[in-house]
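*Asks:* The residues making up each chain are set out below.
Number of protein chains: 2
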Amino acid sequence: MTKAYASLKQAARLKPLEIERRAVGPNDVQIHIDYCGVCHSDIHMVNNDWGISEYPMVPGHEIVGHVVSVGSDVTKFQEGQRVGVGYFVDSCRTCEPCKAHMEQYCENGFKMTHGSETDDPGGLTFGGYSDAIIVDEGYVLNVPENLDMANAAPLLCAGITAYSPLRNWDVKRGDIVGVIGLGGLGHMGVKMAHAMGAHVVMITTSQGKAVDAKSLGADDVLISTDQAAMAAWAGKFDFLLNTIPVAHDIVPYMSLLKLDATMCLVGIVDELESVHTAPLLFGRRSVAGSLIGGTKEAQEMLDFCGEHNITADIELIKMNEINDAHKRMEKGDVKYRFVIDLKTI
Amino acid sequence: MTKAYASLKQAARLKPLEIERRAVGPNDVQIHIDYCGVCHSDIHMVNNDWGISEYPMVPGHEIVGHVVSVGSDVTKFQEGQRVGVGYFVDSCRTCEPCKAHMEQYCENGFKMTHGSETDDPGGLTFGGYSDAIIVDEGYVLNVPENLDMANAAPLLCAGITAYSPLRNWDVKRGDIVGVIGLGGLGHMGVKMAHAMGAHVVMITTSQGKAVDAKSLGADDVLISTDQAAMAAWAGKFDFLLNTIPVAHDIVPYMSLLKLDATMCLVGIVDELESVHTAPLLFGRRSVAGSLIGGTKEAQEMLDFCGEHNITADIELIKMNEINDAHKRMEKGDVKYRFVIDLKTI
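Heads up: the protein sequence lines correspond to chains A and B, in order.
Using this note's numbering, read the first sequence as starting at 3 and increasing by one per residue.
Using this note's numbering, read the second sequence as starting at 3 and increasing by one per residue.
Derived from the structure by calculation, the hints contain no laboratory data.
Each hint should be verified, as a subset may be incorrect.
Just so you know, same-sequence chains aren't split out, so a pair can sit in one copy or run between any two.
[As the list claims (entries may be wrong)] Derived pair list, reagent style EDC-like, types lysine to aspartate or glutamate, alpha-carbon separation capped at 20 Å:
(1) LYS337 - GLU98
(2) LYS298 - ASP262
(3) LYS101 - ASP262
(4) LYS298 - GLU56
(5) LYS238 - GLU98
(6) LYS78 - GLU119
(7) LYS298 - GLU139
(8) LYS216 - ASP177
(9) LYS333 - GLU323
(10) LYS260 - GLU109
(11) LYS260 - GLU119
(12) LYS238 - ASP150
(13) LYS216 - GLU119
(14) LYS238 - GLU109
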């Protein structure tokens with residue numbers, strides 16, 4: 003064990019914290035964190051909106067950095083390699099989802115990158131608003147050489163959260179795909195669905211986002227408050243990726259789907275505003291949810307992004323700007339992801 | 003054209019009505035109606051609960067009878083044959099769903115068996131609370147010889163409404179299938195899922211329905227108000243057929259589904275009580291809807307029922323008992339479907 007110091011004053015709204023970092027075990031990768039994306043869920047966790055937060059807390063699960071050292075049994079990584087860590091750092095490894103590398107659906111509960119209990123009594127995992135982390139190699143990902151590291155950080159959560167449902171519902175060339183909401187998740191969804199060959203329609207309440215959406219790869223923009231436009235697009239969509247992070251009425255969007263098509267929710271863990279069943283029955287439509295993505299799929303996503311040169315559009319901040327960043331995110335004031343430069347810690 | 007008389011005093015709460023019946027066209031089948039099932043939606047239509055009712059109205063769309071005469075171009079039916087008619091009697095025949103014989107999802111709107119406009123100005127279709135109907139042969143089905151006619155009537159709506167989603171979501175031998183709610187739809191769902199080889203669990207609020215459910219083919223009964231039992235079944239179901247006809251909270255049921263599994267709503271066209279997204283995201287689960295079934299699938303369903311000797315459990319009533327029957331249905335007081343004996347008209 004080594005004594006380590008983490009500057010968390012701004013991040014966790016606490017005085018500087020003495021934490022004991024675990025030794026690098028045989029399967030561990032010790033990572034120097036270069037950049038960490040700021041996810042909307044960090045704010046929920048900091049505020050304990052979901053009632054699962056444990057303090058002290060170091061948020062951050064869009065981690066990219068480079069390998070400092072590896073344990074004796076590590077085979078996939080070596081010193082200096084560019085790596086990433088996402089929302090979880092361990093899982094049971096024995097249930098069916100884990101065996102299929104869909105650890106996000108681990109039946110025994112995955113270990114979150116921040117705020118989960120460790121094997122040490124009273125210990126907690128600490129996340130990426132920090133300059134170092136030690137993670138089992140099974141939960142570390144390789145970041146392609148051609149991607150800018152700071153811009154790649156949001157791929158580890160926003161990226162995989164958009165990618166996984168696009169793949170699961172088999173989005174392919176020629177499909178008409180709607181991305182609802184243009185934020186961190188939505189802008190990744192537009193870029194990825196476009197790269198998969200879909201005809202991408204940005205669906206937003208805001209006319210002001212139309213130009214941006216097209217520059218990101220959207221072929222069309224549909225203003226959801228324009229009832230004539232919504233009617234014209236009714237029944238046209240093969241898939242809808244709904245990234246709205248707050249309670250809303252899903253019914254107007256459901257009517258956009260073709261027979262047998264699905265709208266997948268990725269942005270909201272909350273009560274929906276209202277759900278009338280008519281658009282489900284009349285069209286055999288589905289509403290589903292999807293949660294981040296597993297390690298195998300996340301590596302596939304990173305390789306896909308390397309191949310198509312996809313990263314997030316970001317605003318790079320210093321560590322001591324994090325509280326302002328959280329406040330601006332609550333107002334939707336970011337294009338499209340804050341990323342912390344951990345040199346500034 | 004022939005002048006015909008339909009005794010609708012009780013059925014439509016109107017004085018006896020003079021209706022003009024259309025002539026038997028070249029593709030028409032003239033049917034003498036022997037029995038007609040009483041569907042919950044008849045009550046909604048009589049009361050104009052959905053705001054789409056047209057009066058005068060003759061409800062009834064679970065029609066069985068025998069062929070009286072056929073038009074010159076009819077090839078599939080002949081005089082004396084046992085036939086059935088369900089929820090619709092025509093559709094556009096040109097859209098993709100129609101061409102796939104999924105006329106229930108006709109993009110131009112199918113013609114309902116009762117209450118839709120006819121080609122004659124001001125004309126309306128009249129349904130099965132009557133002793134005669136004329137229907138294009140494309141919308142007439144063959145009723146297997148071994149099935150009791152009165153008990154077969156509810157197959158034309160309750161039966162196909164349960165069968166279609168069980169087939170669409172590929173229920174097969176060994177699957178664990180939950181049927182939620184034991185009414186007209188639910189009891190058909192139990193019998194059909196059982197005949198498909200599934201392990202069928204009846205999910206009900208009522209301990210009193212346990213014995214009945216098992217006699218219908220359920221392997222287990224899960225009382226949905228028993229939280230320990232619900233927890234024990236969490237994550238176990240391959241498919242849920244939700245037949246509850248009133249607003250309710252779907253979240254406790256969603257947690258019963260396996261990863262990637264679907265709950266299909268067939269009983270409710272209304273606002274759901276509340277929908278929290280957590281069980282959708284944590285398990286990539288779907289909630290879907292399904293509407294009756296198409297002509298091809300309905301014939302397949304009738305043949306399946308012939309093969310497995312499946313019909314509805316019914317209470318046979320006289321025409322003049324229909325108002326009491328509607329009242330009893332509103333209290334859930336029927337095992338499991340009223341069927342009108344049209345000899346009593």
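*Asks:* Next, verify each hint and record whether it holds.
*Replies:* Hints and how they fare:
no., hint, in the structure
1, LYS337 - GLU98, "neither (38 Å within a copy, 41 Å between copies)"
2, LYS298 - ASP262, "between (28 Å within a copy, 18 Å between copies)"
3, LYS101 - ASP262, "between (30 Å within a copy, 16 Å between copies)"
4, LYS298 - GLU56, "neither (29 Å within a copy, 57 Å between copies)"
5, LYS238 - GLU98, "between (36 Å within a copy, 13 Å between copies)"
6, LYS78 - GLU119, "neither (26 Å within a copy, 69 Å between copies)"
7, LYS298 - GLU139, "within (13 Å within a copy, 54 Å between copies)"
8, LYS216 - ASP177, "within (17 Å within a copy, 45 Å between copies)"
9, LYS333 - GLU323, "within (16 Å within a copy, 62 Å between copies)"
10, LYS260 - GLU109, "between (33 Å within a copy, 10 Å between copies)"
11, LYS260 - GLU119, "neither (44 Å within a copy, 26 Å between copies)"
12, LYS238 - ASP150, "neither (36 Å within a copy, 44 Å between copies)"
13, LYS216 - GLU119, "neither (43 Å within a copy, 45 Å between copies)"
14, LYS238 - GLU109, "between (36 Å within a copy, 12 Å between copies)"
Violated hints, listed in ascending order, are 1, 4, 6, 11, 12, 13; each of the other numbered hints is respected by the structure.
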